[in-house]
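Protein sequence lines, in the order shown, are assigned to chains A and B.
For what it's worth, our numbering labels the leading residue of the first sequence as 1, then goes sequentially.
For what it's worth, our numbering labels the leading residue of the second sequence as 1, then goes sequentially.
Derived from the structure by calculation, the hints contain no laboratory data.
Since we're looking at a predicted model, the values are computed, not measured.
For every residue, glycine included, the Cβ atom is placed at its ideal position computed from N, Cα and C.
Be careful, since some hints might not be right.
[Stated by the list, open to error] Only pairs whose alpha carbons sit at most 20 Å apart, straight line, appear in this in silico DMTMM-like list of lysine to aspartate or glutamate: (1) B:Lys2 with A:Glu64; (2) A:Lys19 with B:Glu60; (3) B:Lys80 with A:Glu64; (4) A:Lys40 with A:Glu64; (5) A:Lys34 with B:Glu49; (6) B:Lys2 with A:Glu75; (7) B:Lys40 with A:Glu72; (8) A:Lys80 with B:Glu11; (9) A:Lys40 with B:Glu75; (10) A:Lys2 with B:Glu11; (11) A:Lys10 with A:Glu72; (12) B:Lys34 with A:Glu77; (13) A:Lys59 with B:Asp31; (14) B:Lys19 with B:Glu72.
[As the list claims (entries may be wrong)] Computed footprint of chain A on chain B; a stretch qualifies when at least three of its residues, placed anywhere within it, have a C-beta under 8 Å from a C-beta of chain A: (15) 23-29; (16) 32-40; (17) 46-59.
Number of protein chains: 2
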Amino acid sequence: MKAVVNIQLKEGVLDPQGKAVHHALSSLHFDEVKDVRVGKQIILQLDDEDEQKASNRVKEMCEELLANTVIENYEIEIVK
Amino acid sequence: MKAVVNIQLKEGVLDPQGKAVHHALSSLHFDEVKDVRVGKQIILQLDDEDEQKASNRVKEMCEELLANTVIENYEIEIVK
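Extracted from the complex, chain A is given alone in its bound form (with noise of 0.2 Å):
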């Protein structure tokens, strides 16, 4: 079973990464680009059978270690 992390800055948090690519998208004449956010992709590969167990666990992991829940959100999806 595969469960993929999704973690973005929270709305309101400065995002310097985020800017340096939007500055960057702009000097390449990307003009249409309005507004860029940098957050992680983290993909887990896991032994668990049960979905529900498994989105549980990977919970417990972004709140004490993936994420820092102060200033990112996380969204979490099973793939089988």
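Take the given structure of chain A and dock chain B to it, following the hints.
Relative to chain A, chain B alone:
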């Protein structure tokens, strides 16, 4: 219009950050984790109205700047 770009290292490319996260999860007794890969998720806010055109432009951005196509794969998802 919003574009979500997921960038992951290609299979076979060493991922030290993933290894470090895997090790940290093991230390926290998340023993069901068999492998971890860490990638990037870039969210772009676009001015484009046309989905197909937006998708093509984001592909150009990936090839020119966002992804290192020698070692990374990318996926583009256009969200209304």
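Right, here's what the structure says about each hint:
no.	hint	verdict
1	B:Lys2 with A:Glu64	30 Å, violated
2	A:Lys19 with B:Glu60	19 Å, holds
3	B:Lys80 with A:Glu64	33 Å, violated
4	A:Lys40 with A:Glu64	16 Å, holds
5	A:Lys34 with B:Glu49	13 Å, holds
6	B:Lys2 with A:Glu75	17 Å, holds
7	B:Lys40 with A:Glu72	14 Å, holds
8	A:Lys80 with B:Glu11	19 Å, holds
9	A:Lys40 with B:Glu75	14 Å, holds
10	A:Lys2 with B:Glu11	15 Å, holds
11	A:Lys10 with A:Glu72	5 Å, holds
12	B:Lys34 with A:Glu77	17 Å, holds
13	A:Lys59 with B:Asp31	15 Å, holds
14	B:Lys19 with B:Glu72	17 Å, holds
15	23-29	holds (count 3)
16	32-40	holds (count 9)
17	46-59	holds (count 5)
In summary, the structure is inconsistent with hints 1 and 3 from the numbered list given earlier, while agreeing with the others.
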